[in-house]
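So for the sequence shown, this note's numbering puts the first residue at 6; every next one is plus one.
Be aware that a few hints might be false.
Unchecked claim - Mimicking DSBU-like on lysine-lysine, the simulated pairs with C-alpha atoms at most 35 Å apart in a straight line are:
#1 Lys326 with Lys35
#2 Lys209 with Lys33
#3 Lys50 with Lys324
Hint data in this document are derived by calculation from the structure and do not stem from the laboratory.
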Amino acid sequence: MHTLFIGNAIVDLISHINYEKLLHPDDKGKMKIITLKDAERLQLKVTDKNIIIGGSANNSACGLSIMDEEVCFVGKIGNDKFGEIYKRKLKDFNIADDGIVLDKYTNTGRSIIYVTPDGERTMNTYLGASIQLTSNDIKDKVFKNLNGTFIEGYVYYLDDGKNIIERSFRKTEENNGFTAISLSDVNCVEQFRSDFFDLIYGNKITLLFGNKAEMMCLFEVDTEVNLLKKMTDHSENIDSLIMTSGNNGATVINNNKIYNENSIKVENILDTTGAGDLFVSGYIKAYLNGEKPDICLKCANYLASQIITVDGGKLDVKKIKEYHEGIYSFLREI
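Model the full structure from these sequences, guided by the hints.
Shown next as structure tokens:
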């Protein structure tokens, strides 16, 4: 049994910058879509860059794979050096490349990421070949023998994005799997709010992931009290609404009940790039283990606390034993 992840196959080029004034204040902490020309221009300006395979769903997939779960990742890359890097580095996380689709005519997507001293990341993303993914690229075999499917909300930006999400969730339900999606980004929520609500009111989502800003944007509220009320009201349509709030911890609303867990204090924050993605990994790991929402939150917060001490959205494969000890301290033996 495997868990399927679908998302943009992006190579991250991460650079730490010392001065926040190099960024426009309105851009800090956000993700902006750029052209290939812009990406190539920014690449030339980036010094001391760390190259890591990325994409939100891929980060979550690799995190879950490290936790001894079988994973399949579907994404599209170009026939270029970044595409080769992507396939090669997938194997470091014990993920086969049979879900990777090759586009011979478009460059591999990449994200130029600036990390400021506070650990916040600002992303400039050229989607490239990743945005050429279509529902026809996703073969029926990946929906066999699966636990469930997670899709990043960014997939809505693809030309065939809505069809990919709806078809994938339909196939997943036919095979009795859970369905999960992230809100991804405030800009994504603003642009595709009606599509998210089509899924919600169609009772198509088992797990909905988002941070506080994204949830407030989705439900169009400006106070936490109103947000929790809106989320609770919609728990009739969604099995679990899962919200991260940075240093203030995380919340799950399940069956009209609210669960809260404090975040884990981290002294040396290097890069917050994959915090939300690895939160998803930890949550799904516990969910697959049959845990209650509060335990799922503990596992999610643990992996999120580990990823912000390293560069990029990938855990250190050399520390797998340590990660296992941390996660399994929360889980029941089954």
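Hints versus structure:
1. Lys326 with Lys35: holds, 33 Å
2. Lys209 with Lys33: holds, 33 Å
3. Lys50 with Lys324: The given pair, whose Cα atoms are some 32 Å apart, holds under the 35 Å limit.
Of the numbered hints given earlier, the model fails none.
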